[in-house]
Amino acid sequence: MTVTFWGQEFKVNIFIGCIGGFLIAIVSSMFGFGGGPFMTPLLAVGLGLPMYLVVGSSLLAIFFNTVVGSMRHYQFGNFDGTFFLIMFIPAILAGFVAPQIAKRISPLWVKRVAVVGLLILASQLLGLI
Amino acid sequence: MKRYWLSLVIALSATVFMLYQDGAFAAKPKEVNAQNIAAESKPAESKAEESTDGITAQLDKTSLNNGGKIVITGKAPAGKPVYIEVWADQKVRSSRFDADVDPETGQRPYIFYLTEEMPAYYKLAVPKDFKEVLEAEKKEGRKWSVSKVLRNTGAAAVYSAPAKGKIDRYQTSLIASVIGSRGEMLPKMDAGENKRRSMQLVKARFRDLPKVFSADVDISPDGSFKAEINIREGLAPGQYNVVAAADKDIKTKPLAFTNNISFPTMYLSNAGTSLNIFWPALLTMAVTTFGVLMGAGGGFILNPLLLSIWPLPHTVVAGTVMPTVLFSQGSGIYNYSRIKFISWKLGATIGLAMVAGGFIGPKLTELVSLDQYKFVFGWILIVLAALMAWQTTPGYLAKNKKEQAILKEFQKRAKEAAEAKKA
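So the sequences go chain by chain: A and B. By our numbering, the letter at position 27 of the first sequence is numbered 27, and the numbering carries on one by one without gaps. By our numbering, the letter at position 382 of the second sequence is numbered 382, and the numbering carries on one by one without gaps.
Be a bit skeptical, because a hint or two may be false.
[To be verified] With a straight-line Cα cutoff of 25 Å, these simulated DMTMM-like cross-link-like pairs (lysine to aspartate or glutamate) come out:
| # | chain 1 | residue 1 | chain 2 | residue 2 |
| --- | --- | --- | --- | --- |
| 1 | B | K148 | B | D222 |
| 2 | A | K11 | B | E403 |
| 3 | B | K340 | A | E9 |
| 4 | B | K345 | A | E9 |
| 5 | B | K363 | B | D98 |
| 6 | B | K188 | A | E9 |
FYI, nobody ran anything at the bench for these hints, they're computed from the structure.
Use the sequences and the hints to build the structure in full.
Set out below in structure tokens:
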């Protein structure tokens, strides 16, 4: 598969992408998080895509699993309506604010932000925080 | 820009409407007030010594303001152990998916247990002598069991409030459970089985042993006893009931006190928790912005933070953060697509592969121990983080012409934007 971004062509091995996505979904459903923290490095390091394209496409890739996971939680009675209402407006706003920040800072800095995110999750898994 | 404001207005009005429907602003505070008045008008009754069959007890106060300390004193027959059961009138949901191997048949039952009638707060204080029993069970970590603690402390006969709630059970399958299908409802359980399952649901709901049990009852040789129960900040409002018991038949009638909260602290009816709504909103804003910026939802940071700050049950946090993150991702996708930072075919293809993996993960969870894997994936993430950090170093960039071209393009666009602003 060929992906174009800002006039540059990137050849993507979609086979690696799908196997990676499949494995990430297994791992993240085991630990109970969305998979985003693994998806970003898969696209950036594994497939060598530019960071700007990675953030958007990663969100799209994990979106489907978030839908399935939300359904499961809702059916199993783990959903609190008031709590959701408190959090969902800030969440929607965040979806507007973050792309504006991404656009204004260099792709190198977006990548460094992601590195911080990965290290936070790593220290959680290793029991450091 | 116009569309931005329009969607904001729609979101805001939808929220206000839903809050109104939910009665969060109107009904609930009134309910609390009503209980207040009731409690104030007859303080003598709840303070009076309640006695049946030789045990008496009283509370030092009748109301609390978003948590506090309640002291229970009384007298029981000399030489008897005294247990104190405290529970809230507010009910919450608790559920458990039983996929553990049945030791008798060797099969996994895949039965889903659900109750809507779990007390939002439950505590069983046992005599101080059992401190070591509780400590020993705490060492079991996640594997601690309510029924074992009840047995080892002799409290089994006293345990009653959660056992009265009706529990439904459903026969489902693992694959069906991934999308949350509960399957078929099974016949009602008898009282004994209901009680046994309620113990598992108590653990599923409150998770940590110290939240359910404490060795707080100080008993003198003459039979008089004293216990301090600490009601944390952020618990359910409304009436709480206290019963002191020496065994199944020797117990007091319920003594009552109320816990009051006021806006902007609101009660989350499923979470069974009261909190000041501004802080979680701010926290969500900050964390999901960070999450969307790195191409994830932010749930992996939001979940543990919420759990560490407020006394929220982990199931409700996971089950509410997931749909919240759905919206940060959805709005992130929309806004990234407007600035063309997205490849639809790549994201959708990998997304579909992920859906397939999401169905297999739960099956694997049954087969492996998570603790070992946490270590492995923790280190994998550190390696990935190092690789990504390396991609931002000048050495890597010098070799990668395409990255250079994109950086140049970014600088060009930034310059243009700055000039456009000046002009």
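task = Kindly indicate which numbered hints from before are broken by the structure, ordering the numbers from low to high.
result = 1 and 6
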